[in-house]
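K.L.:
Here the protein sequences line up with chains A and B, keeping their order.
The numbers in the working numbering rise by one with no breaks, and the one at position 37 of the first sequence is 37.
The numbers in the working numbering rise by one with no breaks, and the one at position 133 of the second sequence is 133.
The reader is advised that the hints may include incorrect statements.
Identical chains share a label here; the pair holds if one copy fits it or two copies do between them.
Straight-line C-alpha distance at most 30 Å; calculated DSS-like pairs for lysine-lysine [as the list claims (entries may be wrong)]:
id	residue 1	residue 2
1	LYS60	LYS101
2	LYS101	LYS3
3	LYS2	LYS103
4	LYS122	LYS60
5	LYS157	LYS122
6	LYS103	LYS84
7	LYS63	LYS157
8	LYS101	LYS120
9	LYS84	LYS60
10	LYS101	LYS57
11	LYS84	LYS63
12	LYS57	LYS93
13	LYS122	LYS170
14	LYS170	LYS60
15	LYS63	LYS122
16	LYS57	LYS103
17	LYS93	LYS104
18	LYS167	LYS157
19	LYS103	LYS63
20	LYS57	LYS122
21	LYS3	LYS60
22	LYS94	LYS57
If you're looking for bench data, these hints aren't it; they were derived computationally from the structure.
It should be emphasised that the depicted structure is a prediction, and the values quoted were computed from it without experimental measurement.
There are 2 protein chains.
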Amino acid sequence: MKKQIGVHERLYPNPVVLVSSSYEEIANIITLAWVGTVCSNPPLISISIRPSRFSHKLIKQSKEFVINIPSEAQIDICQYCGSKSGEEFDKFKKLNLTKGKSKKINTPSITECPINIECKVKDIISLGTHDLFIGEVLATSSDAELVYEDGDIDYDKLNTLTYCMGKYYKISGVK
Amino acid sequence: MKKQIGVHERLYPNPVVLVSSSYEEIANIITLAWVGTVCSNPPLISISIRPSRFSHKLIKQSKEFVINIPSEAQIDICQYCGSKSGEEFDKFKKLNLTKGKSKKINTPSITECPINIECKVKDIISLGTHDLFIGEVLATSSDAELVYEDGDIDYDKLNTLTYCMGKYYKISGVK
């Protein structure tokens with residue numbers, strides 16, 4: 001039997017990523033689950049952020065961001081960066097994270113995250129409570145031990161996280 | 001040590017959903033992983049589809065779709081609907097799936113899927129190989145046994161799937 005449960009965005013599970021941003025000398029990190037691949041050529045990834053967020057301001061000015069995919073061990077970092085604003089202090093310093101030099105953009109990646117996807121903002125679409133940033137992937141780096149010879153990533157080694165209504169989950173292979 | 005792995009859309013894991021569509025008397029189902037929540041008010045979900053797909057044609061004409069979230073047991077349906085075109089035959093019939101009557105739109109849901117999210121297309125954005133359909137959530141239904149008293153869904157009972165580079169994965173709670 002079906003039950004009506006109202007008008008909500010009920011799409012789960014979602015990815016969990018740490019998005020780094022910077023403008024001039026200021027850098028920040030925000031945890032996002034409302035992110036998704038939207039096009040293969042050009043390779044585009046979208047991220048949704050509320051205009052009130054500090055990361056929104058930085059990305060709107062720099063037109064850049066890095067998607068850092070965390071491993072399961074970095075769940076505490078995800079929880080912290082998803083609940084604290086970086087307007088008053090530098091989350092990289094606070095969490096002892098390293099600002100990695102990006103290949104194609106000025107925004108630093110998070111060196112400790114196993115995968116770093118550098119994006120240049122192509123478009124910003126105002127949707128309501130959230131703005132959708134469409135980012136073009138300009139470069140991707142991975143921890144060397146996760147990469148097969150053909151350049152693909154072995155996600156079974158990575159142990160990424162996924163997100164469902166306030167909780168983080170591990171993933172495990174089915175087929 | 002980091003390794004450069006080229007310019008790809010490397011965002012994982014992704015949700016796995018069965019999107020149902022219809023126009024006039026024709027209905028179809030496509031498995032998508034490039035979907036995401038993009039706004040909370042209005043509640044918006046985006047789905048990316050190649051213009052060559054049959055579902056693209058139906059949704060473009062009807063301006064409607066239903067996101068049906070499958071359970072782990074429906075992995076074979078996901079694999080089938082992600083690899084076969086519905087241009088020649090009706091996947092609902094082929095897979096013995098029931099066309100559920102939607103509350104707010106004409107497009108049928110998949111009754112056998114535990115969660116059905118009815119969406120009205122607000123915008124279609126051409127990105128390149130894929131078009132981004134922005135859908136507003138008009139109604140959501142869930143199998144009654146998955147719903148808490150407050151209307152939230154118990155995702156631990158649902159056992160959704162997630163998707164990483166060609167493989168389906170189960171999820172399991174962390175914290």
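K.L.:
A separate judgement is required for each hint: does it hold in the structure or not?
P.N.:
Evaluated hints:
For the homomeric pair LYS60 and LYS101, the shortest alpha-carbon distance inside one copy (20 Å) is at most 30 Å, but the shortest distance between copies (42 Å) is not. With identical chains, the CA atoms of LYS101 and LYS3 are at most 30 Å apart between copies only, with a shortest distance of 13 Å across copies and 50 Å within one. For the identical chains of this complex, LYS2 and LYS103 are inter-copy neighbours only, at 11 Å across copies versus 50 Å inside a copy, given an alpha-carbon limit of 30 Å. Taking CA atoms no more than 30 Å apart as the test, LYS122 paired with LYS60 passes in both settings, with 11 Å inside one copy and 24 Å between copies.
In this homomeric assembly, LYS157 and LYS122 never come within 30 Å of each other (Cα to Cα): the closest approach is 32 Å inside a single copy and 39 Å across copies. With identical chains, the CA atoms of LYS103 and LYS84 are at most 30 Å apart within one copy only, with a shortest distance of 28 Å there and 39 Å across copies. Taking identical chains as interchangeable, the C-alpha atoms of LYS63 and LYS157 are never at most 30 Å apart, the minima being 32 Å within one chain and 41 Å between chains. For a Cα distance limit of 30 Å, the shortest separation of LYS101 from LYS120 inside one copy, 15 Å, qualifies, whereas the shortest one across copies, 42 Å, does not.
For a Cα distance limit of 30 Å, the shortest separation of LYS84 from LYS60 inside one copy, 20 Å, qualifies, whereas the shortest one across copies, 41 Å, does not. Taking the shortest Cα distances, LYS101 and LYS57 sit within 30 Å of each other inside one copy (21 Å), while across copies they are farther apart (43 Å). Taking CA atoms no more than 30 Å apart as the test, LYS84 paired with LYS63 passes inside one copy only; the shortest distance there is 22 Å, against 39 Å between copies. Taking the closest pair of Cα atoms, LYS57 and LYS93 come within 30 Å of each other only inside a single copy of the chain (20 Å); across copies the shortest separation is 50 Å, beyond that limit.
Taking the shortest Cα distances, LYS122 and LYS170 never come within 30 Å of each other, neither inside one copy (32 Å) nor across copies (34 Å). Taking identical chains as interchangeable, the C-alpha atoms of LYS170 and LYS60 are never at most 30 Å apart, the minima being 32 Å within one chain and 36 Å between chains. With identical chains, the CA atoms of LYS63 and LYS122 are at most 30 Å apart both within one copy (8 Å) and between copies (26 Å). Only within a single protomer do LYS57 and LYS103 lie at most 30 Å apart by alpha-carbon distance; the minimum there is 23 Å, versus 39 Å between protomers.
In the homo-oligomer, the alpha carbons of LYS93 and LYS104 lie at most 30 Å apart inside one protomer (23 Å), although the nearest pairing across protomers, at 50 Å, exceeds that limit. Within a single copy, LYS167 and LYS157 get their C-alpha atoms as close as 22 Å, and across copies as close as 14 Å, so both meet the 30 Å cut-off. For a Cα distance limit of 30 Å, the shortest separation of LYS103 from LYS63 inside one copy, 16 Å, qualifies, whereas the shortest one across copies, 41 Å, does not. In the homo-oligomer, the alpha carbons of LYS57 and LYS122 lie at most 30 Å apart both inside one protomer (16 Å) and across protomers (26 Å), since each shortest distance falls under that limit.
Taking identical chains as interchangeable, the C-alpha atoms of LYS3 and LYS60 lie at most 30 Å apart only when they sit on different chains, with a minimum of 29 Å there against 41 Å within one chain. Proximity of LYS94 and LYS57 under a CA criterion of 30 Å is satisfied intra-copy only: 20 Å inside one chain copy versus 50 Å between copies.
The earlier numbered hints that this structure contradicts are 5, 7, 13, 14.
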